[in-house]
Amino acid sequence: VQTSLSVPYDSDMVRPALPEVVVGPGFVAFVRDVEPKLRRALVAGFGVDIGREATAEALAYGWEHWERVRHLENPAGYLYRVGQSWARRRPLRRALFPDLPASSEPWFEPGLGPALRALSPRQRQAVILVHAMGLSQAETASMLGLKPTSVQNHLQRGLSRLRMALGVDDET
Amino acid sequence: MRLERRLLDYIDEMAPSVTTEEAIARKQSPNRAWMRVASAPKRRAGDFMTKTEESAKTQTPGQGRGLAWAIAAFALVLVAGGLYFAFSGDDGQVVDQTTVPTPTTVLTTPPNPTQLPEFGQELDPGVYFIDADDDPSTTTGITYRIEGPGWMSQNGPSRDNGSVSLHLHQVQLRFGPHSPGCNYPEGPTSEAAEFTAADLADEFAANGFSVREAPAPVSAFGHDGYHVVVEVPEGCDDAVGFQYNAFAFPGDVIEAWLFDIDGQIVIVEANWKTEATDLTASPEEDVAELRAVIDTVVLTRSTPSGS
Chain A
6 VQTSLSVPYD
16 SDMVRPALPE
26 VVVGPGFVAF
36 VRDVEPKLRR
46 ALVAGFGVDI
56 GREATAEALA
66 YGWEHWERVR
76 HLENPAGYLY
86 RVGQSWARRR
96 PLRRALFPDL
106 PASSEPWFEP
116 GLGPALRALS
126 PRQRQAVILV
136 HAMGLSQAET
146 ASMLGLKPTS
156 VQNHLQRGLS
166 RLRMALGVDD
176 ET
Chain B
12 MRLERRLLDY
22 IDEMAPSVTT
32 EEAIARKQSP
42 NRAWMRVASA
52 PKRRAGDFMT
62 KTEESAKTQT
72 PGQGRGLAWA
82 IAAFALVLVA
92 GGLYFAFSGD
102 DGQVVDQTTV
112 PTPTTVLTTP
122 PNPTQLPEFG
132 QELDPGVYFI
142 DADDDPSTTT
152 GITYRIEGPG
162 WMSQNGPSRD
172 NGSVSLHLHQ
182 VQLRFGPHSP
192 GCNYPEGPTS
202 EAAEFTAADL
212 ADEFAANGFS
222 VREAPAPVSA
232 FGHDGYHVVV
242 EVPEGCDDAV
252 GFQYNAFAFP
262 GDVIEAWLFD
272 IDGQIVIVEA
282 NWKTEATDLT
292 ASPEEDVAEL
302 RAVIDTVVLT
312 RSTPSGS
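Top to bottom, those sequences are chains A and B.
Residue numbering for the first sequence follows the working numbering, beginning at 6 and increasing consecutively.
Residue numbering for the second sequence follows the working numbering, beginning at 12 and increasing consecutively.
Hints in this document: simulated from the structure, not taken from any laboratory.
Glycine included, C-beta positions come from ideal geometry on N, C-alpha and C.
Misleading hints may appear alongside valid ones.
Derived list of chain A stretches under chain B, where covered just means 3 residues or more per stretch with a C-beta under 8 Å from a C-beta of chain B [what the hints assert, rightly or not]: (1) 34-45; (2) 54-60; (3) 68-75; (4) 114-123; (5) 128-136; (6) 163-172.
Chain A residues, not near chain B, derived (Cβ > 12 Å throughout) [as the list claims (entries may be wrong)]: (7) Ser141; (8) Ala143; (9) Glu144.
Facing chain B, a subset of chain A residues (Cβ under 8 Å, in silico) [claimed, not checked]: (10) Val48; (11) Leu64; (12) Ala65; (13) Arg86; (14) Val87; (15) Ser90; (16) Trp91; (17) Leu105.
Just need the whole structure built from these sequences, with the hints factored in.
Spelled out as structure tokens, the structure:
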């Protein structure tokens, strides 16, 4: 069932940086809403380099097919699958989750790269989307094309492994 | 700082936001020029023009892209040149351009019209081409025919619900040393000398997958090669990584035909899904349609132009 997403993507709440004839009505608002979820999900699944490129590719696809995508019931999930299909064919160029560069801000956790590498892609996605971003398990399952029970399992195992790797407890 | 905030900070630091302008620029990048020339929008009768860079820059959402006639024209040039050299030798010797050092010596050119669709493009019924090496100066690749609606191009034909797909790869590297046991390869492995399609077929079967059909010699798509069918097993919680296809998940079925072509291993790969922890099985009708597409595949090969 496809339902029209007349709000918010048909609205002109956001002044587009590009002429609307190029961007399409509501596309800028759509990107602002969906991009963080899409990018973090794809990065969690496929690493920082490929995941970010896949996000750009998926959004480019969304722009190119905006008249169709804007009316989809689950456009974020659809673009996730577009990005996933793109990412799955990319050769790995470097570590999926590299250590933070030495020049990073001091408050960044230096052990996060290795800790994320210790998780499976599904676990990383569940942890990032549900735990870090606050999406519901149902929303996460819908976006990733998974069963909700799978998201719960991946979340529990992923959080456990991540906390163990970082040496933190449930409250930190 | 709480864990969730640290996670988001890490991801946003390492992979900053993608802006609308950046996304759109991917469709307008000069680096995609050859892809755009070879891409296939909705065809119009008599339209034999390739899209210019200028017209591409003024593209708006939903508009078509440039036609893919360059590849067909190139193939025609190859055929014409091959026929000329084959039959016009004045020294009494026939120069057979179809003699190639492969188990079988089939040289075909893509049926025309052959289109090289861009990623994400909806596929109208017709014949399409996948370039094995993304090199427009060669035509090593496969053609396939789409008969009905519901297909899109995602590095090969993919059902638009993502349930089944067909791909082509040209590989130089073998499976990574970390791949067995469902571990994840973190980077490229060393090139393997004298590595053949038969070797890679064997590695498929020994890479931690469940083997559905063991590696075996096959004659397919006009060439002799090797065939293997594997499935990513339950409990293989991490993505299984291998060099030409970095990501697969439990329930993914991979059927591969592997060929030695001009010193490279060329893999025709079909994907579908079985019921697994995370995945819903591909609908039977989608798998049947995938089989119908596979039945139309022709593996084409050529040498680089000018050689």
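Evaluation of the provided hints:
For a cut-off of 8 Å, the count of residues in the region 34-45 of chain A with a CB near a CB of chain B stands at 5, and the three-residue condition holds. Counting residues of the region 54-60 of chain A whose C-beta lies closer than 8 Å to any C-beta of chain B gives 5; at least three are required, and the coverage claim holds. Evaluation of the coverage hint for the region 68-75 of chain A: fulfilled, as 6 residues show C-beta separations to chain B shorter than 8 Å, against a requirement of three. Taking a C-beta to C-beta cut-off of 8 Å, the region 114-123 of chain A contributes 5 residues in contact with chain B, enough for the three needed, and the coverage statement holds.
Taking a C-beta to C-beta cut-off of 8 Å, the region 128-136 of chain A contributes 4 residues in contact with chain B, enough for the three needed, and the coverage statement holds. Under a criterion of three residues with beta carbons nearer than 8 Å to beta carbons of chain B, the stated coverage of the region 163-172 of chain A is upheld, 3 such residues being counted. In this structure serine 141 of chain A is separated from chain B by more than 12 Å, as the shortest Cβ-Cβ distance comes to about 15 Å. Residue-level check passed: alanine 143 of chain A sits 15 Å from the nearest beta carbon of chain B, beyond 12 Å.
No Cβ of chain B comes within 12 Å of the Cβ of glutamate 144 of chain A; the nearest lies about 16 Å off, and the non-interface call holds. For valine 48 of chain A, the interface hint holds, the least distance from its beta-carbon to any beta-carbon of chain B being 5 Å, beneath 8 Å. A distance limit of 8 Å between C-beta atoms decides the matter here; for leucine 64 of chain A the minimum to chain B is near 4 Å, and the interface restraint holds. Because the beta carbon of alanine 65 of chain A sits about 4 Å from the nearest beta carbon in chain B, less than 8 Å, this interface hint is met.
About 5 Å separates the beta-carbon of arginine 86 of chain A from the nearest beta-carbon of chain B, less than 8 Å, and the hint is met. Because the smallest distance between the Cβ of valine 87 of chain A and any Cβ of chain B comes to about 6 Å, under 8 Å, the interface hint for this residue holds. Given hint, serine 90 of chain A at the interface with chain B, holds; its Cβ is 4 Å from that chain's nearest Cβ, closer than 8 Å. For the restraint placing tryptophan 91 of chain A at the interface with chain B, the shortest Cβ-Cβ distance is roughly 6 Å, inside the 8 Å limit, so the hint holds.
Because the closest C-beta pair between leucine 105 of chain A and chain B is about 7 Å apart, less than 8 Å, the hint holds.
In summary, the structure agrees with every hint in the numbered list given earlier.
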